[in-house]
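**Student:** The lines below spell out each chain.
Protein chains: 2
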Amino acid sequence: MSGPDLSIEASPEPGQARRGGRAGKRRGAASAFEQPPFRQLTIPFQPTEIVSADELEAIHLASLRVLEEIGLEVLHDEARAIMKRHGADVREGSLRVHFDRGLIMEMIAHCPSEFTLHARNPAHNVRLGGNNLAFALIGSAPNCSDIDRGRRPGNQQDFRNFIRLAQLHNIIHTTGGYPVEPIDIHPSIRHLECLRDMATLTDKVFHVYSLGRERNVDGIEIARIARGVSREQLLDEPSCLTIINTNSPLKLDIPMLEGVIQMASHGQAVIITPFTLAGAMAPVTVAGALVEQNAEALAGIAFAQMVRKGAPVGYGGFTSNVDMRSGAPAFGTPEYMKAQLIGGQLARRYGIPYRSSNTCAANTVDAQAAYESVFSLWGCIQSGTNFVKHAAGWLEGGLCCSYEKIMLDIDLLQMVAEFLQPLDFSEDALAMEAIREVGPGGHFFGSPHTQARYKTAFYSPIISDWRNYETWSQAGSPTAIERANRLWKERLALYEEPPMDPAIRQELNEFVERRIREGGAPTDF
Amino acid sequence: MSGPDLSIEASPEPGQARRGGRAGKRRGAASAFEQPPFRQLTIPFQPTEIVSADELEAIHLASLRVLEEIGLEVLHDEARAIMKRHGADVREGSLRVHFDRGLIMEMIAHCPSEFTLHARNPAHNVRLGGNNLAFALIGSAPNCSDIDRGRRPGNQQDFRNFIRLAQLHNIIHTTGGYPVEPIDIHPSIRHLECLRDMATLTDKVFHVYSLGRERNVDGIEIARIARGVSREQLLDEPSCLTIINTNSPLKLDIPMLEGVIQMASHGQAVIITPFTLAGAMAPVTVAGALVEQNAEALAGIAFAQMVRKGAPVGYGGFTSNVDMRSGAPAFGTPEYMKAQLIGGQLARRYGIPYRSSNTCAANTVDAQAAYESVFSLWGCIQSGTNFVKHAAGWLEGGLCCSYEKIMLDIDLLQMVAEFLQPLDFSEDALAMEAIREVGPGGHFFGSPHTQARYKTAFYSPIISDWRNYETWSQAGSPTAIERANRLWKERLALYEEPPMDPAIRQELNEFVERRIREGGAPTDF
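Residue numbers (full-length UniProt numbering), protein chains in the order written: chain A, 1 to 525; chain B, 1 to 525.
A portion of the hints provided could be inaccurate.
Stated by the list, open to error - Within a straight-line C-alpha distance of at most 30 Å, the following computed DSS-like cross-link-like pairs (lysine-lysine) qualify: (1) K251/A to K84/A; (2) K455/A to K251/B; (3) K455/A to K251/A; (4) K84/B to K251/B; (5) K251/A to K309/B; (6) K309/B to K251/B.
Source of the hints: derived by calculation from the structure; they are not laboratory data.
In isolation and in its complexed conformation, chain A is listed as follows (with noise of 0.2 Å):
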């Protein structure tokens, strides 16, 4: 296939020191394109309650119900004693745990409303809970694709690429799991070279899988060098955070309950996020898999607290519907958006912060993966959503990170960071002068009042083509995801490795190097 030269490798190998030239004078890559500054998004309104008090107290009862009379399988020995010790009815030979309705919300209680995840760069540092609201790149992907190249399964050089579009686009708040699953590095040190590059090619706050003991140590460690900060202070400062999906229905396996207790006993962030899709591992009702995910989110929450009180968890929602001809995950469905919303209720309830995502179930990047995309958009605004997961990239169920999409995204989500900006309601913002002035039948065009504020009235966004028919026809009728190709490698040419303090780069350089000889990590998970 003709076309650019698409081998884009920005910087040298990450993880190496850089010295002068551009690097001694660099801005900060961020500065190299017009964009809005990374700021803490609010939602300024009152999310939206699609369902009464009643109602959610229905699937409050009906989970709790859950919780005492059928249990949770719990696969790992010392998660049982755990809860055990905390009164949960364990019993000896059974992996079944029921949870008393008392326990839970005793324990529920210790949850922390709203809490920081800190940056190594603390400019970057995200606030969770409240009104808060933090986008997050896609992770998970075990393809990529983009409409040069096609589509290819996860590769460091992609992975890479990715996480520099996660950098030099301040609208991504953080990393969010691998965006692609780069499987041209061994599964065993795979997590110690995916984790050093998000803390080095970024330097915003970063996600740390669950799978095993050790993936969850390396990285609470790597987050812990890139910050410069002491194990003591690490502890009251969650700085990485990992997402368990439970086993649904009603299972919790080792490695989740493993990366619950060390995340938990460090201070890290847990967010629970049952994965129940309605007709699949949860009952085909709506209503129904709330139920079941408010079970299961409310068990792992509980159990977090129980490892350490006050640890900083997140409720995720993820309940969504199957094509039922074939059993395949849709998303952005009508279905999502109620599951969504009543999923912010529920946390409300609680008072813990809120995580959706920004799905679709498109193959390309065309008409439906962005009205699936926008509806799921819009149900993590209208649902009061603290942590949008997959924000930018998400394509095909989260089985393809794209390019494209990134783009397409990041477009969307400055949009949505705009509608959310308050409005100016001074006497100057309501023109009264300028209207009189303007008078009937006039045009604003010209007036003072407009030329003194149409460079930064409105948002200019990055992807939507606004030419009439004829020019953009002139053109060659481009499409949004051509605009969204030529963008994509305009910005990453422009990248550039945010600075890290040398010693800091030694240290985790030497951390990583060390355990790579150590052989990194089990991969018999």
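Given chain A, work out where chain B should sit, using these hints.
**Tutor:** Frame of chain A, contents of chain B only:
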């Protein structure tokens, strides 16, 4: 260009009776394929309040000052006389009219907060106001397009096809003006041909343009004949509607004012929708543009009440921004959404049904068309819009009605309608017993609870392609626009004209033919 036969004429010339055969047995064309039933939608939650009561009051008060201190230019002599009679400040020799805030608010108090639009098929009546929601087909596009034949000026065949698609789909509650302007019909008799089509090819409520007295009077008479009711009954039963786009800034021209006079005096619905593009016909600040929108809307609505107290009216919001480089209007932007939501707050403050729109600036049905449309569509839902104009088909900032966009929008509207349906919270839906039965690690796919419900559990999209990447690739990687293209052709082929009493049909034809013989309406507007 080769391709399918697109000279689709599913029925004989409209307005001609058809007898026997399929027509005699038809169950109504809308049952020719699976779709949710025609039903009155309602929004079951509180609309989003993005500005505080104080901020809303600042807009309200500034707009009253505009009406008092600056006033509007009113070009219609009788209208000024009516205004003067009601206490407005009208001066001899001047077109400028000033309105006291007391007068405005006194008139506004006469507006009905809800009313029903009566269709010739009572099953297709539509209620506006309160928490009711209705979707109207696109209106007033000069061009139309499909991906087989490309873009072309409006014409009668496409006009009729669009009207048929509106009749076929239950989610389209009313037509909304000419979906495309049929320029192959002489302007003097165009309204007669078009209104006859709208009265015969559909049995839903239609729109009457305010482009001179004759067109309003003819439209109202056609609505009356089609329903087979008396003039007296029509006075109490609004059966058609008109949109008045003020000549922003601050001007009301003769056809507009005549339209308000004719429609309001006959008890027909008038929706005042200022065309306030921020930076062009309105201040560049969203707050300032809304001040102007509100001043013009209040003046128009108050005038309708001066013509006839209690006349059914709507508050239309159409404030958006322009591309400050080209002056081209933008749609589905963050500024557009803010204006939509605040417009809804203003309309609720006055207790008047609210109109907004599903819009985009895209030139083709790509990701941009979808995301701009879905942004504006959720703006409608979250703002508590009662009447969504241009709900299906709008492309290019309204300059084109697209066959494929109609189908895409129908899917989006059906998804929104499904989202608005209340969830089942019965014991059975909460699924406690199903969860118990399946248990930890089980699967719900084959469970009796799922089997009893899977066919109707979820909304089935008509455009979304949920196949996995491999299957989708093998099928030729179709995008959403291609599926939409296939669909409109399939569905249009199923169209059948809705039944009409032969006596009514005869009266309608006689009226239209007489008015055509008389020369129709003047074309010097």
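**Student:** Are the hints correct? Go through all of them and say.
**Tutor:** Outcome of the hint check:
1. K251/A to K84/A: Measuring from Cα to Cα gives roughly 17 Å; hence the hint holds.
2. K455/A to K251/B: With Cα atoms ~28 Å apart, K455/A and K251/B stay inside 30 Å; holds.
3. K455/A to K251/A: It is violated: about 55 Å lies between the C-alpha atoms, which goes past 30 Å.
4. K84/B to K251/B: Distance ~17 Å between K84/B and K251/B Cα, so the pair holds.
5. K251/A to K309/B: The hint is violated at about 65 Å.
6. K309/B to K251/B: Holds - the C-alpha atoms of K251/B and K309/B are around 23 Å apart, at most 30 Å.
Hints 3 and 5 from the earlier list are contradicted by this structure; the remaining hints agree with it.
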